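From first to last, the protein sequence lines stand for chains Y and L.
Just so we're aligned, residue 1 is where the first sequence starts under my numbering, counting upward by one.
Just so we're aligned, residue 1 is where the second sequence starts under my numbering, counting upward by one.
Honestly, the hints are just simulated from the structure, not real lab data.
All figures in this text were calculated on a predicted structure; none of them were measured in a lab.
Glycine residues also receive a C-beta, built at the ideal position from the N, C-alpha and C atoms.
Heads up, a few of these hints could be off.
[Unchecked claim] What the simulated footprint calls covered on chain L by chain Y, stretch by stretch (three residues with Cβ under 8 Å from a Cβ of chain Y suffice, anywhere in the stretch; the number is not a length):
{"#": "1", "region": "141-147"}
{"#": "2", "region": "170-180"}
{"#": "3", "region": "212-222"}
{"#": "4", "region": "277-287"}
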Amino acid sequence: MMTTIHAPAEIRHSGSQRRAPNIWPPIVILLAGTAVLTLIVLDGPAIVRAAAVLTYLAVVPGLAWVRVIRPPDGLTQFVVGVALSLALGVLVAQAMIALRHWSPELGLVALVAIASLAAALELARGVRAARSGPWRAS
Amino acid sequence: MNDDGVARPTHARIRPGTRPVLRAVRMWSMPVIALGLGVASLLRADAADIGPLGLVTALRPGLYVALALLTASFVIGVFREQSSSRWWLAAHVVVLVVLLHGAASMIEPLPRMVSSWLHVGFADYIARTGETLPELDARFSWPGFFALVAMATGTAGMANAMPLLTWTPVVLNLLYCAAVYRLARELSPEPRTAWLAVWLFVPANWVGQDYFGPQAMNYLFYLVLLLALVAWFRGAPRARSRPPGRAVGWLRSALRLPREPRWLEPERPPLGPAALAGLIGIVLVVFAASTVSHQLTPVAAVVAVSGLVLVGSCTMRTLPVLLGVLLVAYISYGTVAYWSGHLDDVFGFIGRLNRTVSDTTVERVRGDTAHQIVVLSRLSIAALVWGLAAAGAWWRARRGQGDRALLALAGAPFLLPALQSYGGEMLLRVYAFALPFVVILVAAVPGALGSVRRVGHPAVLAGVLSLALIGSFFVARYGNEAFEQVRPADAQAVTWLYAHAPEGASLVSLTSNVPWRAQNIETYKYDPLGEDLGPDSLEAIEMAMRRNPRGAYLIVTEGQFVFAESFLGKPPGWGEDIERQLVESGRFRLVYTNPGARIYVLAAQESEA
Numbered sequence: 001m002m003t004t005i006h007a008p009a010e011i012r013h014s015g016s017q018r019r020a021p022n023i024w025p026p027i028v029i030l031l032a033g034t035a036v037l038t039l040i041v042l043d044g045p046a047i048v049r050a051a052a053v054l055t056y057l058a059v060v061p062g063l064a065w066v067r068v069i070r071p072p073d074g075l076t077q078f079v080v081g082v083a084l085s086l087a088l089g090v091l092v093a094q095a096m097i098a099l100r101h102w103s104p105e106l107g108l109v110a111l112v113a114i115a116s117l118a119a120a121l122e123l124a125r126g127v128r129a130a131r132s133g134p135w136r137a138s
Numbered sequence: 001m002n003d004d005g006v007a008r009p010t011h012a013r014i015r016p017g018t019r020p021v022l023r024a025v026r027m028w029s030m031p032v033i034a035l036g037l038g039v040a041s042l043l044r045a046d047a048a049d050i051g052p053l054g055l056v057t058a059l060r061p062g063l064y065v066a067l068a069l070l071t072a073s074f075v076i077g078v079f080r081e082q083s084s085s086r087w088w089l090a091a092h093v094v095v096l097v098v099l100l101h102g103a104a105s106m107i108e109p110l111p112r113m114v115s116s117w118l119h120v121g122f123a124d125y126i127a128r129t130g131e132t133l134p135e136l137d138a139r140f141s142w143p144g145f146f147a148l149v150a151m152a153t154g155t156a157g158m159a160n161a162m163p164l165l166t167w168t169p170v171v172l173n174l175l176y177c178a179a180v181y182r183l184a185r186e187l188s189p190e191p192r193t194a195w196l197a198v199w200l201f202v203p204a205n206w207v208g209q210d211y212f213g214p215q216a217m218n219y220l221f222y223l224v225l226l227l228a229l230v231a232w233f234r235g236a237p238r239a240r241s242r243p244p245g246r247a248v249g250w251l252r253s254a255l256r257l258p259r260e261p262r263w264l265e266p267e268r269p270p271l272g273p274a275a276l277a278g279l280i281g282i283v284l285v286v287f288a289a290s291t292v293s294h295q296l297t298p299v300a301a302v303v304a305v306s307g308l309v310l311v312g313s314c315t316m317r318t319l320p321v322l323l324g325v326l327l328v329a330y331i332s333y334g335t336v337a338y339w340s341g342h343l344d345d346v347f348g349f350i351g352r353l354n355r356t357v358s359d360t361t362v363e364r365v366r367g368d369t370a371h372q373i374v375v376l377s378r379l380s381i382a383a384l385v386w387g388l389a390a391a392g393a394w395w396r397a398r399r400g401q402g403d404r405a406l407l408a409l410a411g412a413p414f415l416l417p418a419l420q421s422y423g424g425e426m427l428l429r430v431y432a433f434a435l436p437f438v439v440i441l442v443a444a445v446p447g448a449l450g451s452v453r454r455v456g457h458p459a460v461l462a463g464v465l466s467l468a469l470i471g472s473f474f475v476a477r478y479g480n481e482a483f484e485q486v487r488p489a490d491a492q493a494v495t496w497l498y499a500h501a502p503e504g505a506s507l508v509s510l511t512s513n514v515p516w517r518a519q520n521i522e523t524y525k526y527d528p529l530g531e532d533l534g535p536d537s538l539e540a541i542e543m544a545m546r547r548n549p550r551g552a553y554l555i556v557t558e559g560q561f562v563f564a565e566s567f568l569g570k571p572p573g574w575g576e577d578i579e580r581q582l583v584e585s586g587r588f589r590l591v592y593t594n595p596g597a598r599i600y601v602l603a604a605q606e607s608e609a
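Only chain Y is shown next, with the shape it has when bound in the complex (with noise of 0.2 Å):
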């Protein structure tokens, strides 16, 4: 059966030249995920790594996905982010139950392994896109 897929209308663009791809969130994202291992690897000051491991957990690895999909509108690209960052989160820590292997912080390291695969994606199809030009300006 040949499934045809819809994109919305808000991803039509018009015009020869593309935007300049922006390689900046890809990079924020693998900060992220190292400030966040960092922090409980120092034990930083609790309100801090509190809001910061619990923040990331809930919207980065998703939102690093999501990126790679390109959706059409930021409030979805943050929503469905956000889903699929518990989502995953949800998926690690039931893998740790199921396989008797509990430990919170390998679930972490996990999640940051899933979302700076998703970043370094990103990365190099920007770093390659920006190679091949021309660009207009955004």
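Using the hints provided, position chain L relative to the given structure of chain Y.
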């Protein structure tokens, strides 16, 4: 026009001499004033004023003024020719969510709902042991949410998840609103309807399943999964191969609908293979997470996706089968401990629609008069919303703005009662699962009545409808607050209990409405466990306490008395009578007391100790 189709104020429209900054200040002042006034009113309210009708008796007039101002500002902004920016409209929605869904959080000193405290206890057990206890509680057969919380609090360095409880409803409702808005934009002819839909969704969502727990997270999963399907996998309209039959033609004529239906389903260009794979991956990951974390939501998702496929609005026609296989596989292997002893709970309701409807409506209309008023107000709002949705669907069909995906998603949850009873809460869940789509249909009504029937200006009609829903929200949503709040005295007694009761002891109460089990869920023997009513006579209490050689503690709290009278329909003074009997019997000794709670042990047990 901006990309949402709502006209934005531009420099060309600014009157000469009016500075943009002043204009911006004037424009933004209304949501800011409403927020300030509303929050100040809520912070001044006293939880002690919560009465039989719930939170409504504790609210100050300033809150209603704030909500009226906010509503007026929003509907004028939505319906005027030169509408405001989406940020400004979104700010109104955010303020509405904070004032409605954050009301209890700002009035009550402790997080509400003993169920959410229990969920903290489930996560605490996983965090300590790395295991689940499906034989203790059925919810451990779907432990995804608790596992996530255990992992999150563990890595965040938190002792437990209690700090997350208070603001969970506000945060989640904001996320729901974001998803509902995007769904409404995909399924509405223009942005005005989408904005009105998300605005109405906030007060119409009185179901209260947004407290810290698996259902709250899974509702977001449900919305996002359907958003992905509607946004990316919606099929193009198909031309009819043959004319409609005589019966269909007669029905359409009787309903004054065009003989040939016209649908509002835009053609969309195809996506590349990488994006396609990514989107399918997102759908499957979200569904898998839902499957392992909640009993009902994945079933509702499969039914909704099946509805989309049946009406030809989902290009992934094999998706329901795939999701169904995932669901059955998990239930077969992951929840054996649950269904091996509860087969009748799982499958017994299939086809028994009468019993499900009876359980979820008749049985729920019980308790004292105030509680019955609350339940009837909920049923009335549901009837109003569903009636207006039917009118909206009819209007859109007449205008050639029908949408098969919207109708399928709004109607699919009504099939759920034929499949499960879900502990007598099914109609509540049907309302919740249909609501995001129902409000999109309701949002078409003010424009329809205003423009054709000349009943009034659409903005006025939208305002009246909004105020009706907002006004009834506090009774429908917080009507049970007399027993859904967690009283500080009750929580203090539980803290004393955990500090003094030896491991393995029995902890006994008259009803289940006690804020315990947020810790040590496996360390003590709790009675009642999983039932509303505990031992409720002197003999039954004594028997439950004497059974355990390691000792037993009876906790008696104000929260239990209110729950028994208001929800369980016990006569006034029921709890006080039992307590008086046990004191007069001389067989119990008081070991702890505060103004709202007492703890007793058996007198013989005390002397032996």
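Quick rundown of the hints versus the structure:
1. 141-147: The restraint on the region 141-147 of chain L holds, since 4 of its residues have a Cβ under 8 Å from chain Y and three suffice.
2. 170-180: holds (count 3)
3. 212-222: holds (count 3)
4. 277-287: Holds, because 6 residues of the region 277-287 of chain L bring their Cβ atoms closer than 8 Å to Cβ atoms of chain Y.
The structure is consistent with each of the numbered hints, conforming to all of them.
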